[in-house]
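K.L.:
Read off the chains here:
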Amino acid sequence: MKKRCNRHSRLPVAITLLTLLFLYLPLVMVAIASFNASKYGGVWTGFSLKWYKALFKSREIWNALTNTLFIAFISTFFSTLLGTLSALALYRSKNRFKAIYHALIYTPLVVPDILMGISMLLLFVTTFSACGTWFQSVFGIELELGMTTIIIAHITFCMSYVAMVVLGRLQEFDHSLVEAAYDLGASGLYTFFHVTLPVILPGVIAGALFAFTLSIDDFVITFFVKGAGDTTLPIYIQSTMRHGSPAILNALSVIFLILTFILVFTTQKLLSNKTETHK
Amino acid sequence: MKKSSFTNFFLGLPSFVWLVVFYAFPILIVLLLAFRPPDSNGGIGTGWTLQTLRELRNPSYPAIIWRTFWQGLVSTAVCIAVAVPISYQLSRTSSQKLRNTILLLIIVPFWTNFLIRIYAWRIFLHPEGAFKHLLVLIGVIPESTGLLYNQWAVLTVMIYTYIPFAVLPIYAISEKFDFSLMEAAKDLGASSFYAFRKIYLPGISKGIWTAVMVVLIPAFGAYLIPDLVGGSTSELIGDKIAQRVFVDRNLPHASALSALLMLGVFVPLILVSCLRKFQLKNQKKAEFMK
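Chains as they are written, first to last, in this note's numbering: chain B, 136 to 414; chain A, 653 to 942.
It is possible that some hints are incorrect.
[To be verified] Sample of chain B residues facing chain A (criterion: CB under 7 Å; computed from the structure):
#, residue
1, 243
2, 245
3, 352
4, 372
I should point out that these hints are in silico values taken from the structure, not numbers from a laboratory.
Glycine is no exception: its CB is placed at the ideal position from the N, C-alpha and C atoms.
Kindly generate the complete structure, drawing on both the sequences and the hints.
P.N.:
Next comes the structure, spelled out in structure tokens:
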């Protein structure tokens, strides 16, 4: 690169630094507050780990955490499967149908959470009232909002993210490799498992990590489709924030931040491998 | 290649069916239920009516719709105004390592639990918090001013939430931008700012459009932010939908409001995609003419 720094405006640097400050200042304040012995964050009354201890002892939090992880694992598995298949289909299809399919997969990425939440709630409510009694008389199970409806909702919104990530990976991959495999007499399945899958695997794993993070993160959609007694971590955080003492939330936030950092770092590593191996 | 389109059909089928049943069909239900009356146990009554739509003429709604609209626009504008210089700076940073680090720092808050980010702001803007004390100390605000529970808090947290949404698509395009074009313009006597405006900005317009979509549309549906850091005078449409569902359990009314919000979502979506198609066509035509 040529030397041209002296002709550059400093403004973009300043904006970047200020934005980073803006992004991290509130988080840093929470991290500091989490070690504060005082119940109310205003005054520093000494270093303490008591909020972390309280966190690990809280029954409610463990319960919410187990639910959250249960939902996240199941919905990650199914959304990764469905999302990867749809990315493969999107990548290969060339007919008119593609535009509709494309819109079906991509619009959930931008549709506000609240619309997804309410539309799924209404789907469940209307289906349950239409065939709930029939279902109970035949299968003996009462249809109601609960873990199942939460998982269905999570699979739905995670799928599109997986499809997007895997498709991105597919588009960078050299299709002539597949043709070469065919020319050498490999079957479709053999080619898929020995050529396509190894190439897209980092994308699939990154997609699964995205799905996992999104599922753990979701409040709005879960809030709409959950049953009366179901709590996940975000639901717990929200209800604690509205009533009760939130000092314990500082410690929870710090743990969340650290976990997110690790997850994002791993995902980024997986996605940036492509530049080293394929270019 | 008949066989290939056959396998393709089966690859796409499960996700297609899933999305039709759990995404497209529910949206249709929302639109239909707006024409149904509510029943007394919080369910959906029988028969069809226009009464629910008439109830949208509630005198408090125009102000809420207007607020949703302008807060969405302002937060989008601010996010783009910040994201463009950041992307510019990032793509000009020659050290790959520094670039990745900054990018990672921008992405982490984006993936941090949404509620925790809102919680962090509630702590940050708390009346007993250090930031408030500091502002009072330097005399920027009087002791009585509350930083939380007003529309400025809502706007700040919305901008905070959506900045990474804006940076990612703009940076993705900016990264591929050929900066020698700007050097050429400068060699021909253009000022830095002129080159930035006339060459860089048009060059990354695709990223800017994507950023507008991914910020504006979720911003229209914001519900949790105004609910947790806003006051009664900073409610948005999303809050009203949630109230109709959880407080007075009037599902048809909630559907009618959601249908309204859907208009606000799908109209810009269709508009921008048409605009892009039109641009692409023109570009192709122009290339063909050459």
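K.L.:
So, as I understand it, the hint says residue 243 of chain B touches chain A; can you test that by seeing if any CB pair is closer than 7 Å?
P.N.:
Cβ of residue 243 of chain B sits 6 Å from chain A, so the hint holds.
K.L.:
Using Cβ atoms only, decide whether residue 372 of chain B comes closer than 7 Å to chain A, and label the hint accordingly.
P.N.:
holds, 4 Å
K.L.:
So, as I understand it, the hint says residue 352 of chain B touches chain A; can you test that by seeing if any CB pair is closer than 7 Å?
P.N.:
holds, 5 Å
K.L.:
Is the interface hint satisfied for residue 245 of chain B? The criterion is a beta-carbon contact with chain A at less than 7 Å.
P.N.:
Status holds, d = 5 Å.
Every hint from the earlier list agrees with this structure, and none is contradicted.
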